[in-house]
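Novice: Spelled out, the chains give:
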Amino acid sequence: MEGWAIQASNRIAIVDDCLQDREALSVLVRTRAQQRGLCWELESFASGEALLRSSSAQTYDLIFLDILMPGLDGLETARRLRASDSVALLVFVTTEADFALEGYEVEAAGFLLKAPNIDPARFARLMGRLERRMGSERALDLSPYGIPLHLPLGNVLYAEVLGHRMLLHTQAGAHSLRLPLEELKPRLDHRFFECHRGILINLDKVVKLDGDTVTLVGGDTLPVSRRRRKALMEAYAAHSVEQLKRGG
Amino acid sequence: METILFVLITTLPSHIIAFYQFWDFPWRSRTLALVLVALHVCLKTFAVYLALCGGLHIRVLEFAFSLIGLAIYLCLLRTDINATLFFFVLVMDYLIVVRGIATFASAWAFHSSSQSYVSSLICLLLYLLTLPPVLSLCRHRTEILFQHRASGLWRGFFLLLLSMTAIILLFTDAFDASSVQSCSFFFARIGLSACILFAYALMLKALENIRHQAVLEEQANQIQRILQTQRSMYAHQSAYLEELRRARHDLRQHEYMIQSYLNSGDPSRLRQYLQTYLADLPHVADQHYCKNPSLDALMRFYAGRIREAGIRLEAEFSLPEALPFPEPDLCVVLGNLLENAQEACPGLENPYIRVAAKLTAANAFVLLVENSAPTPPRQRADGSLLSTKREGAGIGTGSVRLLAQEHGGMAEFRWEEGVFQASVFLPG
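So the protein lines, in turn, are chains A and B.
Count along the first sequence from 1, then add 5; that gives the number in our numbering.
Count along the second sequence from 1, then add 1098; that gives the number in our numbering.
It is possible that part of the hints are untrue.
Among chain A residues calculated to face chain B with C-beta under 10 Å, some are [to be verified]: (1) I123; (2) D124; (3) L131; (4) L186; (5) M238; (6) Y241; (7) A243; (8) V246; (9) Q248.
Simulated pairs of lysine-lysine, DSSO-like, Cα-Cα distance not exceeding 27 Å [what the hints assert, rightly or not]: (10) A:K250 to A:K119; (11) A:K250 to A:K190; (12) A:K213 to A:K235; (13) A:K235 to A:K190; (14) A:K190 to A:K213; (15) B:K1389 to A:K119; (16) A:K235 to A:K250; (17) A:K213 to B:K1303; (18) A:K250 to B:K1389.
Computed, partial: chain A to chain B, Cβ under 8 Å [said to hold, decoys possible]: (19) G115; (20) K119; (21) R127; (22) F128; (23) V211; (24) L214; (25) G216; (26) A242; (27) S245; (28) L249; (29) K250.
By construction, these hints were calculated from the structure, which means they are not laboratory data.
Since the structure is predicted, the reported quantities are computational estimates derived from the model, not experimental observations.
We treat Cβ as the ideally placed atom computed from N, Cα and C, and that holds for glycine.
All chains, full assembly: derive it from the sequences and hints.
Specialist: Shown next as structure tokens:
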């Protein structure tokens, strides 16, 4: 039984109006892929518009975005990507020492300074962190149970038991499944936490922790059992710190 | 034989407490201390035996031996002398109280002599009952107790406890059968224990206040740094504006020159001119790290120092301009961790520091500071870090922990594969 759908290759895009910079970064990325024996599909775009126009804009796992570009700048491109539900890791590439301070709005995964040259050691460390994140974006595949459901774990908001059925809530809507919660648990990862008996939440989607309730993206408020309050806070803290360690 | 057992039973707990309390502390030689203490206990037992045969007064002997014991700890422990003395009196008082209650109980209930098997047994029972809470109290409080140098305070409390103990010992005598049975003996000992508890609580309170004061001082220091950075930032920006003004003024001149080179039809001279012109253009040298002005200023201050020290710095901040936490607290946390990270780096090959901070969707503040550290830091059994600069726990890490706790959050220090990681989480 194979519960995880592990992606064979990751898709990476480089968006930069300057041909030389595009080339320089491509070389670094290709060399890295070769050294690590990784299979990456790399594509370059000369502008944010070109990326957004391409039919594959939503399929990238990692996008390097130059900040200063004529037309759509890197940040605006990032905002539009996010608006179109892209979950790609975004790395801003900049010539100025002045970092993209707006990065937090679009959940940037990192920054690279390209002037005078990209520091290879820094690039290696950034990629090290990003590779782990790309590799860890798992999918939930319930076909072994005869349920035709296959979606990225990151899209799951929470799961709850209602009578004999389980409701799997995603941003796009809920799926009602005939599957015990215990069967689902081993198919999830560390970002999921059982905050109440029969309720499993995705810690990435928490927007409010309020003692006896927790509110998720989309506005659903769920109960937290009294004896799990402390554990929930600790799990949330550990998860947040872990994300920072991996550069997110 | 009865007396020897009694003396032994009432002596051993003091060393158990002492070693339990000071085990992780810096010693000159812990092994030597262990050997000497063992020797000391044996000698004492032997001396008591001799004294019993020769009719010597055991009380004087006990007093002399406890002083020798104290001398061993004072010589071999590398802690503040006054703190050690305070602990000595505290432990001594504990022993006196337990011994007092045991002798009183045995005399009163069993009419046995003060150093009988019965009182030894009661003593043992009392120790078994009270030692676990006493030991856990010692362990949990060490961090607060030894974190700050408060020699004067230690001395004051030491003298206070010593004088109380002296009075009690002068007027009551556990080795004197007639005094043991009196109620005044019992109440004197109970009173002594109440006084000890009171003095100990006061001491803890005072140290807590000192600790808070240290955090406040730390905040003031960090704010001073921010101010200093902002002043230099202002000077920087004024100079930059001045340069810009000049560049704008020169622009017409350049336009004229370019036009004339174009007209002359010599592209190489135009190219040369353009190169010098571009090199002269003012460029923004100021680097910003995050939108929050206080943390940004603090980050610039440390970034300058870190880069000067030849350490590579990576900073990734995802923070909005306004943060839902008091800025002085955040500055203390960031400043302390950066300070520690920088201090850990000198002498290392190709050191780096990585700082990352973000505000999560649930408005929690998360901060991570990593630095190269080939060897793990010294740590106590309870996880608190020992300072590299002085004896006892680190002040910086201590105040970071304290601040995190005050906000209902947590601070964690970890060493993994050559990297030291300090992380702080403050719930929104």
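Novice: If a hint holds in the structure, say so; if it does not, say that too.
Specialist: To see whether the hints hold, each was checked on the structure:
no. : hint              : in the structure
1   : I123              : violated, 13 Å
2   : D124              : holds, 8 Å
3   : L131              : holds, 8 Å
4   : L186              : violated, 24 Å
5   : M238              : holds, 6 Å
6   : Y241              : holds, 7 Å
7   : A243              : holds, 8 Å
8   : V246              : holds, 4 Å
9   : Q248              : holds, 8 Å
10  : A:K250 to A:K119  : holds, 23 Å
11  : A:K250 to A:K190  : holds, 25 Å
12  : A:K213 to A:K235  : holds, 15 Å
13  : A:K235 to A:K190  : holds, 21 Å
14  : A:K190 to A:K213  : holds, 23 Å
15  : B:K1389 to A:K119 : holds, 22 Å
16  : A:K235 to A:K250  : holds, 22 Å
17  : A:K213 to B:K1303 : violated, 36 Å
18  : A:K250 to B:K1389 : holds, 21 Å
19  : G115              : holds, 6 Å
20  : K119              : violated, 15 Å
21  : R127              : holds, 6 Å
22  : F128              : violated, 11 Å
23  : V211              : holds, 5 Å
24  : L214              : holds, 5 Å
25  : G216              : violated, 10 Å
26  : A242              : holds, 4 Å
27  : S245              : holds, 4 Å
28  : L249              : holds, 4 Å
29  : K250              : holds, 6 Å
Checked against the numbered hints above, the structure breaks hints 1, 4, 17, 20, 22 and 25 and satisfies the rest.
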